[in-house]
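Asker: Chains as they are written, first to last, in our numbering: chain C, 452 to 768; chain Y, 49 to 698.
The hints are simulated quantities; they were obtained by calculation from the structure and are not laboratory data. Keep in mind it's a predicted model, so treat the numbers as computed, not measured. It is possible that part of the hints are untrue.
Covered by chain C, according to a simulated footprint, are these stretches of chain Y (three or more residues, beta-carbon under 8 Å) [what the hints assert, rightly or not]:
{"no.": "1", "segment": "161–174"}
{"no.": "2", "segment": "188–198"}
{"no.": "3", "segment": "204–215"}
{"no.": "4", "segment": "253–261"}
Label pairs and their in silico Cβ distance ranges [as the list claims (entries may be wrong)]:
{"no.": "5", "chain 1": "C", "residue 1": "Q548", "chain 2": "Y", "residue 2": "G205", "range": "28 to 36 Å"}
{"no.": "6", "chain 1": "C", "residue 1": "L532", "chain 2": "Y", "residue 2": "A92", "range": "33 to 41 Å"}
{"no.": "7", "chain 1": "C", "residue 1": "I455", "chain 2": "Y", "residue 2": "L593", "range": "58 to 66 Å"}
By construction, the Cβ of each residue, glycine as well, lies at the ideal position given by its N, Cα and C atoms.
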Amino acid sequence: MPAITLKQRLYQHYLTFIRRYLDKRQPPADNVTLVQKLIFILPTRYGWWFVLLLGLLYLLGTNYQNNLILLLCYLLLSLFLLSIVLVYQNMSGLTMQCRTAAAGFAGETLQVTLQLSSAKPQLMLSFSFMQQQHTELMPLPATSLTLPLPAERRGKYSLPRIKISSQYPFGLWRAWSYVALAQDYWVYPHAEKMLQQADDNSTENSGAQAKAHSGDLLAPYRSGDSLRHMVWKRLARDPMNPVVRQQQFTPQAEPCWVVVPPATGEALERRLSHAAWQLLALEQSAQRYGLKLPGLTLAQSSGAAHLQRCLQELALC
Amino acid sequence: MLRQKSLLLIWAGLQLSLLLLLQQAFAWWIISLFAVLLFYRVFALLRNNAAISLKWVNLLAGIIAVALLLNLRQAGVLHFMLQILLLAAVARLLALQHLYEARQLVWVHYFLIGCCFILHQDMAIAMLVLAVFLLNLYSHYRLFAPSGARLNWPQTGRSVLIILPLWLGMFLLFPRLPAFWQIPQANVAATGLGDSIDPGSIEKLVQDDSLAFRVEFDGALPPRQQLYWRARLYEDFDGRSWHISPLRRTAARYNAAPTGNDAAAAQLSYSVIAEASRQTGLFALATPNSVSGNLQLNSSGLVSANKPLSQRLSYQVKGTASPVLLLSAQEQQLNLATGSGNPATKQFAAELLQQYPQPAQLVAAIAEHFGNQAFYYSLTPPLLAGANSIDQFLFSSRSGFCSHYASATAVILRAAGIAARVVGGYQGGQWHPQQNYLAVRQREAHAWVEYLDNGVWQPFDPTAAVAPERVLNNLDDILPQEQRNLLNSGWRQLAFLQAARQQLMHLDYYWSVWVLGFDDNSQRNLWRQLIQQLPAIAASIAGILLLLLLIGGGYLLKRRAPAAVPPATMLLQRALHPVLQLKPPSQPLSVYLQQLAISQPQHREWLQQLSDVYEQAVYADKPQALMQLAALLKRRRLQIKQLRSSVKNT
């Protein structure tokens with residue numbers, strides 16, 4: 452339907468215009484404090500209704516030549532005007548930053564944690580990412596806030612602008628701000644085992660892998676068990692009974708390699724997914740592993756940092 | 049979903065108080081219906097029952113709305129609007145479930161609170177309405193605040209401090225427009241004098257202690273005998289009661305130019321604040337020449353408004369103390385009809401006319417008759433039943449109230465061929481010297497006579513002949529104790545309550561002068577005064593700003609000023625200023641002086657000395673060393689000059 456596409460196109464233009472304007476006004480920064488320059492204030496829908504009320508009261512007071520109604524009207528009008536200041540005061544002075552880059556797999560929802568601080572209590576601030584539906588109300592006292600961010604395609608992205616808005620105290624005006632924090636987030640390829648092992652040489656000693664997995668036994672978690680052996684999926688289902696994967700045989704000391712052969716398009720995506728799955732499995736079985744990408748090789752190692760490094764390379768590939 | 053029980057309770061209480069405040073606008077069955085619905089809601093809340101489903105509430109509201117619509121003719125448009133608004137609010141509260149519904153409810157409450165002021169403008173009730181408004185504001189705040197939040201009192205206080213000047217400034221200075229269109233008025237029974245007067249109609253008024261109007265005189269208070277506030281002319285007599293002539297009603301539209309222009313008569317200028325009487329008739333003394341606002345000034349000296357007074361009205365009158373002039377022969381004819389009956393009175397009039405052919409003499413004779421014969425002034429006269437009530441009064445009961453005497457006198461005069469009419473209005477009033485106003489209550493309602501003499505309607509008060517104290521003092525003073533008790537029934541007799549009531553009345557007076565009576569006229573005056581005082585205001589604001597700047601600047605300077613400089617250093621700096629400019633800032637003064645002594649051999653001796661004395665003055669803190677230093681500097685003025693030039697040259 453052309454009408455909708457026109458509307459959408461206009462909306463796109465509007466968005467790019469707004470983005471350009473905001474980038475000029477507030478370039479991304481590590482640490483942003485809400486000041487006058489960043490806060491926009493306009494009446495809410497209820498505010499417009501309130502204006503209508505003021506008009507009606509003024510008409511009533513004038514037509515009846517009734518000073519008391521006029522007094523009420525002016526009282527409400529001054530309240531209306533004052534609430535601009537109040538809504539601004541409530542919002543200004545909030546400082547926020549995002550210290551760690553969020554990371555997650557494509558198709559999941561990332562949790563972005565913001566650090567907040569303010570000299571005064573601020574009420575009813577709601578946070579959301581620009582163009583995202585989900586809003587979070589700021590907790591009191593304001594220390595940190597976790598915002599969900601859906602991750603769609605792998606890659607490294609800069610954090611979208613965060614929309615902070617508030618209607619406190621009377622809901623007549625909405626103050627809002629789009630804050631850009633200089634922080635990235637990572638979306639790793641969706642970790643999934645490839646079903647048909649068409650090119651079986653993607654992992655060397657994949658047979659050992661398969662064997663290792665088939666020999667796994669599940670046992671209840673006891674304190675001291677390595678967290679790497681935790682069966683997370685099961686934990687999510689049944690958080691009261693954590694289960695660890697115990698290996699019947701001693702892990703192979705021999706290091707292995709995860710190889711992503713050169714490919715493009717859908718094939719590349721599938722291989723990257725598989726590689727991510729392999730990396731997770733290897734890390735869980737506490738082996739040393741390395742990553743071979745077209746044009747890049749990461750030396751063999753193990754540990755969370757290494758895993759993160761490898762996944763980041765996959766995301767960028 | 050809204051789950052704040054306390055908020056729902058607040059709204060139920062708020063609607064109950066609105067119901068009470070607006071009860072004038074509701075028939076009893078509507079009040080009880082709404083009250084039942086609200087109480088049901090409160091009980092349901094207290095028992096944690098859920099809200100009624102929207103379907104049922106809509107059905108109920110629809111039925112009530114139809115019933116209200118059927119009642120429209122009786123209630124009038126204004127009352128109907130209030131009923132529908134309150135119905136909407138009550139129904140909304142019954143089915144309230146969502147936040148947006150609560151917002152609509154708060155909005156409607158604001159409007160209803162505004163409407164309360166159409167019906168009430170008394171200060172006490174206005175305060176009550178203000179309290180209801182604050183409650184609604186609080187609930188509005190709670191709707192948008194986090195659930196556990198409390199009012200932040202310091203912030204609230206600051207907000208009030210900002211709002212107050214803004215609010216009052218807007219009220220005082222915002223342009224005031226005339227009414228845009230005609231608006232429906234409330235159907236409320238009128239108070240005050242009616243369109244007809246019969247023996248006994250004023251007695252009922254006299255027991256009414258409520259205020260009729262208040263007057264502020266520009267000059268001194270006229271003598272009490274002149275304070276006859278004319279409101280109504282009763283010219284049609286049917287043998288028993290007096291009515292306003294239908295001719296007068298139609299003639300009232302045609303305004304003749306003000307007539308009474310007696311240069312010798314005292315000029316009167318006063319402003320009246322009339323209470324809402326739901327009547328058009330207003331009050332004036334003797335002959336008014338001009339009135340303010342869009343009021344009508346009728347040729348017979350009556351002032352009236354264009355529409356019934358639904359709220360207090362303030363107006364200014366300028367006029368003279370001279371009696372009203374005759375308008376036309378028709379008016380004279382109108383006031384000669386004696387009606388049927390009362391043969392004894394007509395006979396008595398004929399006898400008097402033979403004795404006293406002049407109207408003034410005749411009137412004096414009537415007054416004398418009332419004064420000499422056993423006539424009594426009483427609030428509880430015997431009932432005059434029968435056709436010839438004037439005969440009955442004049443020759444048998446002889447006890448009556450102002451309307452009896454006025455009516456009888458007018459009939460005698462008419463029977464004697466002198467045009468006469470009964471005037472209804474108010475006499476006297478209570479003067480409050482401190483507040484400088486005259487309060488006239490309904491109990492001061494009075495009736496007297498105007499008779500035509502030489503083309504002038506001369507006033508004559510027969511009651512003054514019977515009970516002169518009635519005119520000179522208050523009504524209370526002339527009545528016997530038991531009749532006074534009739535007036536001051538119950539709690540009114542308590543002295544302290546009386547005093548409190550009086551204070552409240554004064555407060556109410558200021559309220560009506562400053563708040564209710566503030567109109568475009570007062571606003572223009574305010575603007576004019578502001579403009580006149582503009583230089584003074586600007587100067588004072590500039591002065592205050594300057595003072596603040598000075599204080600702030602001084603404070604800053606004091607904070608910036610380094611640790612106190614010793615007097616000796618200051619002395620040296622002042623004397624050796626240009627030389628010392630070359631001193632590096634880190635170098636102490638005495639070290640620099642010694643350096644100078646080395647570099648300038650011809651000044652070595654005294655510079656050495658200077659350095660010694662200076663060190664003594666600063667570090668040993670000896671007062672005589674300071675004096676020595678000053679003396680040395682004075683003595684070495686010439687050398688200092690030489691030193692200056694030689695330093696400059698090097």
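Asker: None of the hints should be skipped; say for each whether it holds.
Answerer: Status of each hint after checking the structure:
{"no.": "1", "hint": "161–174", "verdict": "holds (count 7)"}
{"no.": "2", "hint": "188–198", "verdict": "holds (count 7)"}
{"no.": "3", "hint": "204–215", "verdict": "holds (count 5)"}
{"no.": "4", "hint": "253–261", "verdict": "violated (count 0)"}
{"no.": "5", "hint": "Q548/C / G205/Y: 28 to 36 Å", "verdict": "34 Å, holds"}
{"no.": "6", "hint": "L532/C / A92/Y: 33 to 41 Å", "verdict": "39 Å, holds"}
{"no.": "7", "hint": "I455/C / L593/Y: 58 to 66 Å", "verdict": "59 Å, holds"}
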